Amino acid sequence: MKRLLAPASAFPALASMAGITLFCVLFLHAESQEAVMGLTVGAVVALFLLARFGWNARAAASFAGNSGAGQASVLVGVLIVAAAFYDQHFPLLMLTTVLLYIVVCLGLNLQFGYAGVVNFAGAAFFGIGCYTAAVLTEHTALPHLLVVLAGGVMAAAIGSLLILPVLRTYGHYAALVTIAFGILFRVFIEVNDALGGPQGMKLPGMEIFGWKLNEGYAFGDSELSFYANYLLLALVMAAVAFMLVRRLERSWIGLALDAVRLDETACAAFGIDVARWKITAFTLGNFLIGLAGSVYAMMTGFVAPNAFTFGDSLILVSIVILGGIGNPWGLTVAAAIVLMLPEKLQFIQEYRLLLYSGLVILILLFRPGGLMPRQVRNYLPGWKP
Amino acid sequence: MSGTLLACDGLSMRFGGLVALNQLSLSVNQGEILGLIGPNGSGKTTFFNVITGIYQASEGRVDYRGHDLAKMSAQEIYRAGVTRTFQRSRLCLPLSIFDNLMIGNHRRLDHGLWFNLIRRDAFRRQFDEQYAEALALVRTFSKPLAERLFEAAGNVNMIDRRRIEICRALISQPTLLLLDEPSAGMTHEETRELMDDILIVREHMPGLSVIIIEHEMNVIERITERCIVLNFGQKICEGPYAAVAADPQVQEAYLGTE
Numbered sequence: 008m009k010r011l012l013a014p015a016s017a018f019p020a021l022a023s024m025a026g027i028t029l030f031c032v033l034f035l036h037a038e039s040q041e042a043v044m045g046l047t048v049g050a051v052v053a054l055f056l057l058a059r060f061g062w063n064a065r066a067a068a069s070f071a072g073n074s075g076a077g078q079a080s081v082l083v084g085v086l087i088v089a090a091a092f093y094d095q096h097f098p099l100l101m102l103t104t105v106l107l108y109i110v111v112c113l114g115l116n117l118q119f120g121y122a123g124v125v126n127f128a129g130a131a132f133f134g135i136g137c138y139t140a141a142v143l144t145e146h147t148a149l150p151h152l153l154v155v156l157a158g159g160v161m162a163a164a165i166g167s168l169l170i171l172p173v174l175r176t177y178g179h180y181a182a183l184v185t186i187a188f189g190i191l192f193r194v195f196i197e198v199n200d201a202l203g204g205p206q207g208m209k210l211p212g213m214e215i216f217g218w219k220l221n222e223g224y225a226f227g228d229s230e231l232s233f234y235a236n237y238l239l240l241a242l243v244m245a246a247v248a249f250m251l252v253r254r255l256e257r258s259w260i261g262l263a264l265d266a267v268r269l270d271e272t273a274c275a276a277f278g279i280d281v282a283r284w285k286i287t288a289f290t291l292g293n294f295l296i297g298l299a300g301s302v303y304a305m306m307t308g309f310v311a312p313n314a315f316t317f318g319d320s321l322i323l324v325s326i327v328i329l330g331g332i333g334n335p336w337g338l339t340v341a342a343a344i345v346l347m348l349p350e351k352l353q354f355i356q357e358y359r360l361l362l363y364s365g366l367v368i369l370i371l372l373f374r375p376g377g378l379m380p381r382q383v384r385n386y387l388p389g390w391k392p
Numbered sequence: 188m189s190g191t192l193l194a195c196d197g198l199s200m201r202f203g204g205l206v207a208l209n210q211l212s213l214s215v216n217q218g219e220i221l222g223l224i225g226p227n228g229s230g231k232t233t234f235f236n237v238i239t240g241i242y243q244a245s246e247g248r249v250d251y252r253g254h255d256l257a258k259m260s261a262q263e264i265y266r267a268g269v270t271r272t273f274q275r276s277r278l279c280l281p282l283s284i285f286d287n288l289m290i291g292n293h294r295r296l297d298h299g300l301w302f303n304l305i306r307r308d309a310f311r312r313q314f315d316e317q318y319a320e321a322l323a324l325v326r327t328f329s330k331p332l333a334e335r336l337f338e339a340a341g342n343v344n345m346i347d348r349r350r351i352e353i354c355r356a357l358i359s360q361p362t363l364l365l366l367d368e369p370s371a372g373m374t375h376e377e378t379r380e381l382m383d384d385i386l387i388v389r390e391h392m393p394g395l396s397v398i399i400i401e402h403e404m405n406v407i408e409r410i411t412e413r414c415i416v417l418n419f420g421q422k423i424c425e426g427p428y429a430a431v432a433a434d435p436q437v438q439e440a441y442l443g444t445e
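For the record, the sequence lines run as chains Z and A.
Under our numbering, the first residue of the first sequence is numbered 8, with each subsequent residue one higher.
Under our numbering, the first residue of the second sequence is numbered 188, with each subsequent residue one higher.
Worth flagging that the hints you see were computed from the coordinates, not collected in a lab.
Quick caveat, the model's predicted, so the values are computed rather than measured.
Glycine residues also receive a C-beta, built at the ideal position from the N, C-alpha and C atoms.
Treat the hints with care, as some may be off.
Below, computed lysine to aspartate or glutamate pairings styled on EDC-like, alpha-carbon distance capped at 20 angstroms [said to hold, decoys possible]:
1) K391(Z) x E338(A)
2) K391(Z) x E316(A)
3) K330(A) x D250(A)
According to the in silico footprint, chain Z covers these stretches of chain A (three or more CB under 8 angstroms from chain Z) [as the list claims (entries may be wrong)]:
4) 265 to 275
5) 297 to 306
Far from chain A, some chain Z residues (derived; all Cβ distances over 12 angstroms) [claimed, not checked]:
6) L191
7) E230
8) G333
9) L369
If we strip away everything but chain A, and leave its shape as in the complex, we get:
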């Protein structure tokens, strides 16, 4: 599959005098994994927050399947098929793993009072369907974790929490998945395992596009097809990882000048 899924044009985000995103233009192709890299404070997470509607862009537009995400609320954007994980894990730890997955599945669940309180048979059918789906999805990541769906999410270790978060973002079958530093707080070995999982998921969902923010360069090298480098809210370089890593501007942004 090819063609552009998401295209930003002149996207800016200002917090008072601070310019977090400065006239950013970039595009994401259907089915690709795009790496978003750049030094701390270069605007990567802000970019995610703007296109998921958590921040309202100061100017510019974000075309996504005929919608302008910059003008939509977070809820509408989620319903249009854009989901994300957070840099600092945002699971609801007292709730069960299954509950956490179902939070991500919100748009496909029936929330009517009558349905939930009175029509318990219909509810039971929907529950059974969703449970089977959640079980299948978690199994592609980790079989032992799939056995523990009704344990509190706070009981599992860091890599499993990341897996839950990624499953929560995937269960509603999005077209665009945003991963905000999935390796944060994990060992190299755990990171490698998680990246294997992501590549497997991609085989199962070929139309899915992914944007991944990451500081682990070997992760970027291994799973992305294309990278975009941000610095001070601007795009400074774009291309395959090898080309980007060799770019003098990028080296300067990361290492500074003499």
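Isolated chain Z, as found in the complex:
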């Protein structure tokens, strides 16, 4: 009986996380282009070698068998990397952005990874969250926690306008509907003077129950960057969103969403309400995207229509595909790679869309499951038949 076997050792998982944490610190610390390039190539080679010796599979099994310790080690890893750059704005801003993008991609993953509702307007829903925060902070004195919530609700509500056309169309046509919406959103913002037009809007820093997130803390000669506040907030958001999406997947709802994606006729024959589950996934996904958007806007203190182009939506979709459609861990890793690599390797910056599209095509051709392909559903963590 498998049940009687000793549980997988936690060592490979913890050792892998320690390695990844160390790598992230070195990578963010590297200044010269040569050093960054060397680290990147070194990481790829190391991953191939480790895979050769079966280490990756062992680490994966170890993570699966010790999900509590594994998840805690990821949180600790993020905090260690953040602590290593406690007084520098740029690395902390980048880390926080990655965490918020993870929330966005978790939302997209719900939509097209599970329910099969394609959404090429991710950046637009993110933008709705940003602009909701901008408008509410400018015109009302609403507590900022509620502003964040309102960002999510607004994205979900505006998304519901799209539900009818999305439900009535399939495949490419549904994709076109969302593409059109994304472009419409940007044009609408650009010509709307109340929303700042092309110049955009300014936002105040966030404040939760007297905790001013835009203030750093001085101790001794150095100062803790104020981005550390946002990093903590984003880390909590990403962890909660991750847990919710994970639980949703490991439930009868996750199963219903998968069934809707895979075979609508069979669904109908077994009483699964296709429209209900598509709406649920689309709305919940947009809520998460809007939530992340409103925090992002208050962190950067500024929103402009240029940040919500179709290209940005494509990057979001490519993160989910690269990571492994339907796998929340995959998109976490992919978000880190896709966002951090071009920031450190300047020459990529200009060609990044080209690079991503090439990468997505290669992945779809040679490894359709993504970097970390999704496994069959395991309803209860650690459960074995």
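Based on these hints, arrange chain A on the given structure of chain Z.
Same frame as chain Z, but now just chain A:
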């Protein structure tokens, strides 16, 4: 058990000018296995699609335990206890075998957000119950298959896929099971095994009525109590297999006239 479970009266299905079902009237008794045969295009699968609500009947009614299935949606019909398999296997291949079974069990699972996300202890209890039930059901078909419930359905061979599909239709404990050509794509030996399975299931569920569409006449001969022959959407003959096979009209429908 006896008495009529399902009775169609004047059921028609037209696709534009094409008449797929033409004033069809037939009945199914409780607990019987009814064979539905007829040449290609005679309306057998259309009949299944109409009584499971995938197509909306052009006219006529289908009485089933006090409901008119012709006026109900596919979901309502499933909830009322009518389930089916498909002619071309419609399993979700990337999902596990257990997942596929649970798709068929949809009406007995709790789909509330709160239940699934927050009350994980209650979810765990429901999961354990359903797992035990699925395991027991699959074991009546195949013990080795029951060991593989958490493998992707795409990993198993054709006969096991059929077994999964039949289990998926049975797990919600229906009163009427519709089997659409279960032998399609299988060898004679596999077909024989599958029919044994169906007869065993019937012993376990004595109230279950089955309608089976089949082209393998020895299957029909072996497991059905009564047959109905369709041609051009009309019933041309009805009775035990031996009588039906000897009927000149049936021979003409299958072999054509001189």
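Verification of the hints:
With a C-alpha separation of about 12 angstroms, the suggested pair K391(Z) and E338(A) falls inside the 20 angstroms cut-off, and the hint holds. Simply put, K391(Z) and E316(A) have alpha-carbon atoms about 15 angstroms apart, close enough for the 20 angstroms limit, and the pair holds. Between K330(A) and D250(A) the alpha-carbon distance is near 38 angstroms, which puts this suggested pair outside the 20 angstroms criterion. Here's how the segment 265 to 275 of chain A fares: 5 of its residues keep a CB closer than 8 angstroms to some CB of chain Z, so the rule of at least three is met and the hint holds.
Interface restraint, the segment 297 to 306 of chain A with chain Z: holds (5 residues with C-beta to C-beta distance below 8 angstroms; minimum three). No beta-carbon of chain A is positioned within 12 angstroms of the beta-carbon of L191(Z); the least distance is around 31 angstroms. No Cβ of chain A comes within 12 angstroms of the Cβ of E230(Z); the nearest lies about 40 angstroms off, and the non-interface call holds. For G333(Z), the non-interface assignment is contradicted: its Cβ lies about 9 angstroms from the closest Cβ of chain A, within the 12 angstroms cut-off.
Consistency note on L369(Z): stated as away from chain A, and its beta-carbon is indeed over 12 angstroms from all of that chain's, at 21 angstroms minimum.
In this structure, the earlier hints numbered 3 and 8 are contradicted, and the remaining ones agree with it.
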